[in-house]
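Enquirer: Listed below, chain by chain, are the residues.
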Amino acid sequence: MAIDHYHAPTSLPEALERLRGGGATILAGGTDLMPQSHAGRVKLGPALVNVRRVPELGGIRIDDGTLRLGALSTMSEILRSAFVREYAPVLAEACDHFASDQIRNAATIGGNVCNASPAGDTLVPLLVLDAEAELASKPDGEVKLRRVPRSAVFTGPGRTVRARDELLCAIRVPLPKPGFVARFVKFGTRPALDISAVAIGIGGVRSGRSLAGARVAFGAVAPTPMRAKATEAALEGTVLDDAGIARVAAVARDEVRPIDDVRASAWYRKELVSNLTRRVLGDVAQA
Amino acid sequence: MSHRREIEFVLNGVVTRASVPLEASALSMLRDVIGLTGTKYACGEGECGACTIEVDGASVCACLQFAVDCEGRTVTTIEGAARDPLAARIERAFVEHGAVQCGFCTPGMVMQARNWLATHPDPTREEIKRAIEGNLCRCTGYVKIVDAIEAACRGGR
Ligand SMILES: Cc1cc2nc3c(=O)[nH]c(=O)nc-3n(C[C@H](O)[C@H](O)[C@H](O)COP(=O)(O)OP(=O)(O)OC[C@H]3O[C@@H](n4cnc5c(N)ncnc54)[C@H](O)[C@@H]3O)c2cc1C
Ligand code: FES
Ligand code: FES
Numbered sequence: 001m002a003i004d005h006y007h008a009p010t011s012l013p014e015a016l017e018r019l020r021g022g023g024a025t026i027l028a029g030g031t032d033l034m035p036q037s038h039a040g041r042v043k044l045g046p047a048l049v050n051v052r053r054v055p056e057l058g059g060i061r062i063d064d065g066t067l068r069l070g071a072l073s074t075m076s077e078i079l080r081s082a083f084v085r086e087y088a089p090v091l092a093e094a095c096d097h098f099a100s101d102q103i104r105n106a107a108t109i110g111g112n113v114c115n116a117s118p119a120g121d122t123l124v125p126l127l128v129l130d131a132e133a134e135l136a137s138k139p140d141g142e143v144k145l146r147r148v149p150r151s152a153v154f155t156g157p158g159r160t161v162r163a164r165d166e167l168l169c170a171i172r173v174p175l176p177k178p179g180f181v182a183r184f185v186k187f188g189t190r191p192a193l194d195i196s197a198v199a200i201g202i203g204g205v206r207s208g209r210s211l212a213g214a215r216v217a218f219g220a221v222a223p224t225p226m227r228a229k230a231t232e233a234a235l236e237g238t239v240l241d242d243a244g245i246a247r248v249a250a251v252a253r254d255e256v257r258p259i260d261d262v263r264a265s266a267w268y269r270k271e272l273v274s275n276l277t278r279r280v281l282g283d284v285a286q287a
Numbered sequence: 288m289s290h291r292r293e294i295e296f297v298l299n300g301v302v303t304r305a306s307v308p309l310e311a312s313a314l315s316m317l318r319d320v321i322g323l324t325g326t327k328y329a330c331g332e333g334e335c336g337a338c339t340i341e342v343d344g345a346s347v348c349a350c351l352q353f354a355v356d357c358e359g360r361t362v363t364t365i366e367g368a369a370r371d372p373l374a375a376r377i378e379r380a381f382v383e384h385g386a387v388q389c390g391f392c393t394p395g396m397v398m399q400a401r402n403w404l405a406t407h408p409d410p411t412r413e414e415i416k417r418a419i420e421g422n423l424c425r426c427t428g429y430v431k432i433v434d435a436i437e438a439a440c441r442g443g444r
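If you're matching them up, the sequences are chains A and B in order.
Using the numbering used here, read the first sequence as starting at 1 and increasing by one per residue.
Using the numbering used here, read the second sequence as starting at 288 and increasing by one per residue.
Hints listed in this document are in silico derivations from the structure and should not be mistaken for laboratory results.
Some clues are possibly wrong.
[Unchecked claim] Computed from the model, here is a short list of chain B residues facing chain A with C-beta under 10 Å:
| hint | residue |
| --- | --- |
| 1 | 290 |
| 2 | 356 |
| 3 | 438 |
[Claimed, not checked] Pulled a few chain A residues facing chain B out of the computed Cβ check, cut under 10 Å:
| hint | residue |
| --- | --- |
| 4 | 4 |
| 5 | 29 |
| 6 | 34 |
| 7 | 35 |
| 8 | 50 |
| 9 | 62 |
| 10 | 63 |
| 11 | 65 |
| 12 | 74 |
| 13 | 100 |
| 14 | 104 |
| 15 | 105 |
| 16 | 107 |
| 17 | 210 |
This one's a predicted model, so the numbers in the text were calculated from it and none came from an experiment.
All C-beta atoms in this analysis are idealised placements derived from N, C-alpha and C, irrespective of residue type, glycine included.
Chain A with its partners taken away, still in its complex shape (with noise of 0.2 Å):
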């Protein structure tokens, strides 16, 4: 755990230049990166860049027909924001189940995003939301931007597409259409300060009983948060009664592949999805 160099840099070029060339941690709240480093599980440095005081990585804001949540959004922030609100409300339910307020006040969505634990809160709202990561980089001099599909920036546990030396700017939530509707919820052994056993977020577009461009995202049930292509199918334009929630809970029970943890077996993570499937499934019939 050594680190040679502090930096706290002040702009996004500033920043990025003290990422280039790699060998450097980013510090966002460090609510992930203080305890890992402490349990020896990652390596700090030899740079440590504090990006907390680069202002391009903060605000929530409606901007090129999307909203913008600033890497360095926190939980709290993006609770209390009308927009996320009026336009995500469904990440604002993933953000109140978060931890607990002294968290929720440090903790980044960038860093949620980043240390892609596959139990992370906001990354099943985010794939239902079909987000995507504005990454930036100065390979040459010049600060340039790339945006990725929230659904491609998953490769693994703890592992994203971000290079060495990116920065994640911001996370882009298209803003919805209208009648869109999206219900999460997580399942863990308490409310505060768990991690997730199981995380559940269905969106779509309702049209009378039934949901179109129907989309379903899993937390904690496999390698990375993922997007479940066969439930999907399976729910998109299926009426929301009792049979059709029952049968689109039966294709989530097949179709997720969980481990055995201590938090839960494999079996019981099964279970889960299926009855979480049906308990979401009946709210959005509601909603």
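With chain A's structure known, arrange chain B with the ligands on it following the hints.
Expert: Using the frame of chain A, we list chain B with the ligands on its own:
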């Protein structure tokens, strides 16, 4: 030898300078470098709230914040909070309602309640429970703590 950095910030209303190891937490800076031991070390990983402090108006766990990130910020600990009327009211309510047993969780509970009541002056019991869901107490069973915070909102009775 770990590398250190000299930082300056406002601690309990006083401009303070400290030389901190780059990997140190704000908690170890407060306790080991500056010598303010009211902020408690228990789990060291964000689970218990014993180390709750206020940074730029937000309640956070000192054990998760890098000390170097305090640079230029305004930090309040239980020692500084003890001087304001809201914290004094909470403290009195804790005493009167028997909300303190071993007392180890108390500074964190008071800091969290103080920060939260400042923006939620009239909470329900359920809201109080949610506000302190990041603070663990091994002794009281929480009922008296919630009673005390409720009483503090009503002016300490
Ligand atoms: C007690 C406790 C409870 C928790 N509960 C939950 C929970 O309920 N749900 C949940 O999902 N998580 C939870 N977490 C995990 C953690 O709080 C979140 O993952 C949080 O969002 C991380 O954000 P941060 O700003 O603190 O990240 P940091 O710790 O600062 O960074 C995390 C990682 O992301 C990288 N990074 C950060 N920002 C950027 C950026 N802009 N560009 C590129 N890389 C970046 C860092 O280098 C690091 O690898 C909990 C943690 C603790 C300690
Ligand atoms: S010591 Fe910081 S939360 Fe427990
Ligand atoms: S009084 Fe002992 S931990 Fe709360």
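Enquirer: For every hint, state whether the structure bears it out.
Expert: Now the hints, each set against the structure:
Interface restraint check: residue 290/B against chain A, minimum CB-CB distance 6 Å, threshold 10 Å, status holds. Hint status for residue 356/B relative to chain A: holds, with the closest Cβ pair at about 6 Å, below 10 Å. At a threshold of 10 Å, the smallest CB-CB gap from residue 438/B to chain A is about 20 Å, leaving the interface hint violated. Nearest Cβ of chain B to the Cβ of residue 4/A: about 6 Å, under the 10 Å cut. The hint holds.
For residue 29/A, the interface hint holds, the least distance from its beta-carbon to any beta-carbon of chain B being 8 Å, beneath 10 Å. A cut of 10 Å between beta carbons decides the hint on residue 34/A: the least distance to chain B is about 5 Å, and the hint holds. Here the hint on residue 35/A is kept, as its CB sits about 4 Å from the closest CB of chain B, short of 10 Å. Contact between residue 50/A and chain B, as hinted, is supported at the beta carbon level, the nearest pair being about 6 Å apart and thus within 10 Å.
Given the 10 Å rule on beta carbons, the hint for residue 62/A is violated: about 25 Å separates it from the nearest Cβ of chain B. Interface hint status for residue 63/A: violated, as the beta-carbon distance to the closest one in chain B is roughly 25 Å, over 10 Å. Because the beta carbon of residue 65/A sits about 31 Å from the nearest beta carbon in chain B, more than 10 Å, this interface hint is broken. Hint on residue 74/A holds. Least Cβ distance to chain B is approximately 8 Å, under the 10 Å limit.
Because the smallest distance between the Cβ of residue 100/A and any Cβ of chain B comes to about 2 Å, under 10 Å, the interface hint for this residue holds. Of the supplied interface hints, the one on residue 104/A holds, with its beta-carbon coming within about 9 Å of a beta-carbon of chain B, less than 10 Å. Restraint check, residue 105/A versus chain B: the minimum CB separation of about 4 Å is within 10 Å; hint holds. The beta carbon of residue 107/A comes within 9 Å of a beta carbon in chain B, closer than 10 Å, and the hint placing it at the interface holds.
Hint on residue 210/A is violated. Least Cβ distance to chain B is approximately 35 Å, over the 10 Å limit.
The structure fails to meet hints 3, 9, 10, 11, 17 from the earlier list, while all remaining hints are met.
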